[in-house]
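Participant: The residues making up each chain are set out below.
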Amino acid sequence: MPDFGGEPEAFRVEAREWLAENFPPSMKNVDLAMTVDAPTGDAKLWKERMGAKGWGTPTWPKVYGGGGLTPAEARMLQQEMARIGARNPIGGMGVMMFGPTLLEYGSEEQKQRHIPPIVRGEIRWCQGYSEPGAGSDLAALQTKAEDKGDHFLVNGQKVWTSGAQYADWCFCLVRTDPNHKHEGISFVLFDMKTPGIEVRPIKLINGYSPFCETFLTDVKVPKENLVGPLNGGWTIGKRLLQHERNSLSGGGGSAGRFAAGKPLDQLAKEYVGVDEEGRVADPDLRTRIIRHQMETKAFMLTLMRAAAESKGNQGPSNATSIMKNAGSKVGQDRAELAVEIMGSQGLGWEGPGFEAAELEQVRNWLGGKATTIYGGSAEIQNNIIAKRILGLLDHQ
Amino acid sequence: MPDFGGEPEAFRVEAREWLAENFPPSMKNVDLAMTVDAPTGDAKLWKERMGAKGWGTPTWPKVYGGGGLTPAEARMLQQEMARIGARNPIGGMGVMMFGPTLLEYGSEEQKQRHIPPIVRGEIRWCQGYSEPGAGSDLAALQTKAEDKGDHFLVNGQKVWTSGAQYADWCFCLVRTDPNHKHEGISFVLFDMKTPGIEVRPIKLINGYSPFCETFLTDVKVPKENLVGPLNGGWTIGKRLLQHERNSLSGGGGSAGRFAAGKPLDQLAKEYVGVDEEGRVADPDLRTRIIRHQMETKAFMLTLMRAAAESKGNQGPSNATSIMKNAGSKVGQDRAELAVEIMGSQGLGWEGPGFEAAELEQVRNWLGGKATTIYGGSAEIQNNIIAKRILGLLDHQ
Amino acid sequence: MAVLNEEQTMLRDSARDWVREKAPVGAFRRMRDTAAPLGYDPAAFAEMAQMGWAGVVIPEAFGGSEFGYLSLGLVLEEMGRTLVASPLIASSLAAASALVMGGSETQKSEWLPKIAMGEAVATLAVDEGPRHDPLRTALKAEKTGAGYKLTGAKTFVLEGMAADLFIVAARTSGQPGEAKGITLFLVPADAKGLSREQRHLADSRGYAALNLDEVELGSNAVLGEADNGADLLEKTLDRARVGLAAEMLGMSVQAFETTLDYLKTRVQFGQTIGSFQALQHRAAKMFTELELTRSCVEAALTAIDNDAADTPQAVALAKAAAGDTLHLVSREMVQMHGGIGMTDAHDAGLYMKRARALEATYGSTAWHRDRWGRMAGY
Amino acid sequence: MAVLNEEQTMLRDSARDWVREKAPVGAFRRMRDTAAPLGYDPAAFAEMAQMGWAGVVIPEAFGGSEFGYLSLGLVLEEMGRTLVASPLIASSLAAASALVMGGSETQKSEWLPKIAMGEAVATLAVDEGPRHDPLRTALKAEKTGAGYKLTGAKTFVLEGMAADLFIVAARTSGQPGEAKGITLFLVPADAKGLSREQRHLADSRGYAALNLDEVELGSNAVLGEADNGADLLEKTLDRARVGLAAEMLGMSVQAFETTLDYLKTRVQFGQTIGSFQALQHRAAKMFTELELTRSCVEAALTAIDNDAADTPQAVALAKAAAGDTLHLVSREMVQMHGGIGMTDAHDAGLYMKRARALEATYGSTAWHRDRWGRMAGY
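From first to last, the protein sequence lines are chains A, B, C and D.
Start counting the first sequence at 1; every next residue gets the next number (this note's numbering).
Start counting the second sequence at 1; every next residue gets the next number (this note's numbering).
Start counting the third sequence at 1; every next residue gets the next number (this note's numbering).
Start counting the fourth sequence at 1; every next residue gets the next number (this note's numbering).
It is worth saying that the hints were derived from the structure and are not from the lab.
Where hints are given, some of them may not hold.
[Claimed, not checked] For lysine-lysine, the following DSS-like pairs were computed, each having C-alpha atoms within a straight-line distance of at most 27 angstroms: (1) B:K387 <-> A:K387; (2) C:K264 <-> D:K285; (3) A:K238 <-> D:K285; (4) D:K264 <-> B:K387; (5) B:K387 <-> C:K264; (6) A:K269 <-> C:K140; (7) D:K264 <-> B:K181; (8) A:K387 <-> D:K264; (9) A:K329 <-> C:K285; (10) D:K264 <-> C:K285; (11) B:K387 <-> D:K285; (12) C:K264 <-> A:K387; (13) A:K203 <-> C:K264; (14) D:K140 <-> B:K269; (15) B:K329 <-> D:K285; (16) C:K285 <-> A:K387; (17) A:K269 <-> A:K329; (18) C:K108 <-> C:K180; (19) D:K285 <-> A:K387; (20) C:K264 <-> A:K181; (21) A:K329 <-> B:K329; (22) B:K203 <-> D:K264; (23) A:K329 <-> D:K285; (24) C:K285 <-> B:K238; (25) C:K285 <-> B:K329; (26) C:K285 <-> B:K387; (27) C:K285 <-> D:K285.
Quick caveat: nothing in here was measured; it's all calculated off a predicted structure.
Sequences and hints are given; from them, build the entire structure.
Facilitator: Spelled out as structure tokens, the structure:
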């Protein structure tokens, strides 16, 4: 074993030893974070072990079951896991978005109650934000929560509730004051089994239904489930969106998710063929593939640079503000090119005549169109860059 | 001679015969309309003859010296002139923009005084519109005209006065009421030799000075030189801009002017070379040249379609609203590609080592950047399409 | 819109009225959701044929009106607006053109009247791989005593599930990649040894894969000249391509208008979203591309009617321009509608799926751009 | 901005301060308007050299600081911001790199200390035609008894009017188009038979065309290995290219910031034009491209410092990304400034002209994209 030297690297040894003992080899390169069904066998074992150790949420406080690691230690853990193909089995909206927000804004009781089950991967959360009349203009939301003494009575309709059909709990923005727009919104939590909640999956253009409409009729939400002050939910809700954006723009987000499959140049050689010099035979298509691959590389380099800068002593990088749009563009361009390269064969919907990878491609292409709409549309991202980063003003 | 049949074609015979007698063959393909110096010899002869006949302004009323032709006859004349390479020697802003506007809005005295010299090509007009603080927002103009009984006293500064250093007269928008924006503007005419006018050429990025700054200090403008009602100049001024836009977007406008020189594919073969199959050797550049040439073709087809539609019985074509932007894009793209194709050789500024065509190319490239700024910027054109054609509203 | 004569104006207006009353997008959606076996509604096509639309490019002598290609293009544009599925392009345009240009009197008499009446559906069977490439035809036609024996496979045959007649490109000599040696054959759908299987594409139309296993044909099954069918095939394909471009133009116009309506009604931040300048300028850009594309499509249709020498260039331009514009507009349709545009219940996805299918058919935008460059000599 | 060490931070800050105080755009404009014969201000370059910027990639043993390429890139970025003209790229980066990588001890001792001190200017003489293409080198070098005799012409030599030393790519064997047979020679500017003539380009720098008429050189004039100079040339060019990219990045950043200031102050229709959403979104687009480009440029500089295997790809990406971004930003600079941006009195035109000149130098954006594709094997 090499000599790591220095104090901090001692943790690397600890991590490596723990993983050697606890990571079931059958779980190599298996991604459990996004699965819907309850795991069994080795998968169950791996999830339970990571949950108990708190390493699925490595930097969360130990007092709520988290790993309690420093960022440097968390990076070492990540490297050690990557080395042996171990994927984090603890994931979902609770980990990515709700947990960090509750740790910041929740009461002690709320943290003690809700964080440990997230750490153990036991509870799935969904997000009650968007409404039919409140898309990009989220603060226009109308779902009403009336004060009934010990509880709020909630009535309204949410849409784009992702995974609501599988979720146990919901964090939700509701209107507690109709006379103020931003200052009339509160952040509440409720159990999805509460009477009055009806969930209808929404079928998307790619045939899948990852989102739902959620109808709320006289839903009773106990007062203890209000996070932060009454009418103070907008700040909390926005903070949570930052966590969402970070998770969407990272390597594991849109670019990664929709950049699956074979490299485009390889795909092009297979479906289009090559000329005498070994170049992709369609010169117009070839130049666009090159251009796209270079843009992808530029995006990946920017992810790395932003990570390095945030590790360095320069404070948060400006580059993070461009990630969502740049990442979703790369992902969408890739899908468009893949479909174009594969010709009619890349447009199969179902049935015989198509390979699984071909059928998946068309669904990816269509589904990926959502990446410039959800989590703050491309237009909203551009507004944010123009106003917050560049300091341009609205009409006065 | 073929039998043209029918009544109207009789004019074609007349035109052909007149041209055979009056067009000096030495003037074949010589363009006089844009020249600055007074013509001599055959050029002078040709200009005088066309001016006297009124055929330089073929559809203008005979009573003011115009040709008095019908649109069909004017087209025949144009065809007959094209057949023998005869260019119209009568041109400039008087013909393109001011004349048609004065014919519509001027008093009888004004028309009798100003139209005949335009018809004969004797008087050069310039346009006093833009000001340093009023570019795209033209109606923000501040040049003040005070009522002094028999005259206005004009003070202010105009900019982008094209050809002011050569002009005899100026049509000018001035502010006669400081309390109303659009309804406080009047349209006046003045002799450029009036005391108090100072003209300074503006050097552009291509080294040329086609425009001037014009300083107006206590310039006396006789009341008889007010066109239309007092404070009613905005309507007249806008109408004139339509004539400007039409002249800019036509084949003789931006696209034509900046699409001079060799075809790009030929240029590319010379400067870049070809591969074994005779294709332009740089595949990335080749695909962009193809794309551009196809866009150019689409634009030319649209010019033809709009002309056919306006001849047909369908009323004015929607297509005209896109011409300025589409035409200037084609022109600018062409210039960018030409410069790119010629490499460092396409960037010569002066001196030895460069051919005249190469030196001209770089000036064209830079000068052409103005085509998306003047005559209503690309942004203003898009606003016009969005609001007037598509019916989208401003913020309410 | 091109300057139309009286016949054309009437034809366009009747198509527009019929689409509005009988074939809104909802009709296509129903057809899709019921998984109609042919990929279109035969009753609707019968109505079209009754109105004469199936015979627009067919000579009067064979039961058509011979109004020409611009006329048929007008109808196809209207059909494109609401995604009407029908064999108008495959049969009434492409196959009819092949028969008119290359057929013997007997072949024409046998098939054209039925095609013009909508009683028979004919279609081209050209491609054998994922991407359009007619010169790579490999399906083998061996000479026999009585005629030919065809063996091989075709795929992505338009309206292949409905067709009564396939016009099959086969190789009688030469190698894949060569023009010489391609021969067109008329192959009835019930020919012995021919089988077909549906291919379900994202646009829910009636594509089929064909298998020909020693299909025996007489010499009179050859359309045009043996070994020299490449020219006829290319001219036929160009007619089909401009029909596709006309459909794409109609789709683009409707996708744009639907989006424009949404921009005028959807309120966010207290304003209609169409009052936001960034969206206004993107709308202006779309409108500009639509106008340019219309010129290209109408010019290509007119070029065919005039038998102009530059017809192939005009067609390549039209197909490429329509392809780019439809992608732009259909993508913006989804983006500008936001979440609702991502749902299957909204029409946006239907336009986007059809857009890609049309692009892939008979040469992609990139393929036509490269073709245009090659024809222009660089 | 990359994570910098202390030396790099100090270097960048001193460059930034110096540019602000001594070399705003006005300084470049004065140089241009007085038609300074060398295409830069020698006094300003002397100051740069005094601050050590001419020796950043030169080993300490030869009078440099050996801070590396990322360090020099930081300086070049700051110079790019205000269009500072100097031989930093041609001499202190490109020629110095060639000598460091390929020079004999004697050659290094003779030239590197002078280059590091700014006492000598050296430059590459590569291209012979309008477009960059090093393999097409045709300038002939014939073997003589004592060494070589060079005959031929070079053009668009950077800082060619100021250079004391030319590193000339010549052909000792093989044919234009082949890598084998290219040899690099050190040719002093006062060599008999060498003449130069200024080439006035739109960016007003000191380009020269060279003519070599039987220039006699000893064998010790060969830099690196005879016949095998193509590799050294390519590595040298890649170092020069990334320097150009760093300058382009700096220009883009400044052109963008100047435009942003104008958007915040120029009022039309009663509003600052930067409050119009269409312009806001275009500004956001530019900002996005700037951030992506910065990553590419810094990665390429770092790749050189690390002698990474993928340096050529990284350089091609950096040059292409910087080229596209600078064109975008410089075009928008003119367009968003409107009429004032078209005047020679405004800076916008200076950025646009320099942008094209940098693009054409040592491989255009298109050339580097194609190169990247070829290296990636497709």
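Participant: Indicate, hint by hint, whether the structure satisfies it.
Facilitator: Hint-by-hint comparison with the structure:
no.	hint	in the structure
1	B:K387 <-> A:K387	holds, 25 angstroms
2	C:K264 <-> D:K285	holds, 26 angstroms
3	A:K238 <-> D:K285	holds, 24 angstroms
4	D:K264 <-> B:K387	holds, 25 angstroms
5	B:K387 <-> C:K264	holds, 11 angstroms
6	A:K269 <-> C:K140	holds, 26 angstroms
7	D:K264 <-> B:K181	holds, 23 angstroms
8	A:K387 <-> D:K264	holds, 11 angstroms
9	A:K329 <-> C:K285	holds, 19 angstroms
10	D:K264 <-> C:K285	holds, 26 angstroms
11	B:K387 <-> D:K285	holds, 24 angstroms
12	C:K264 <-> A:K387	holds, 25 angstroms
13	A:K203 <-> C:K264	holds, 26 angstroms
14	D:K140 <-> B:K269	holds, 26 angstroms
15	B:K329 <-> D:K285	holds, 19 angstroms
16	C:K285 <-> A:K387	holds, 24 angstroms
17	A:K269 <-> A:K329	holds, 24 angstroms
18	C:K108 <-> C:K180	holds, 25 angstroms
19	D:K285 <-> A:K387	holds, 13 angstroms
20	C:K264 <-> A:K181	holds, 23 angstroms
21	A:K329 <-> B:K329	holds, 25 angstroms
22	B:K203 <-> D:K264	holds, 26 angstroms
23	A:K329 <-> D:K285	holds, 12 angstroms
24	C:K285 <-> B:K238	holds, 24 angstroms
25	C:K285 <-> B:K329	holds, 12 angstroms
26	C:K285 <-> B:K387	holds, 13 angstroms
27	C:K285 <-> D:K285	holds, 17 angstroms
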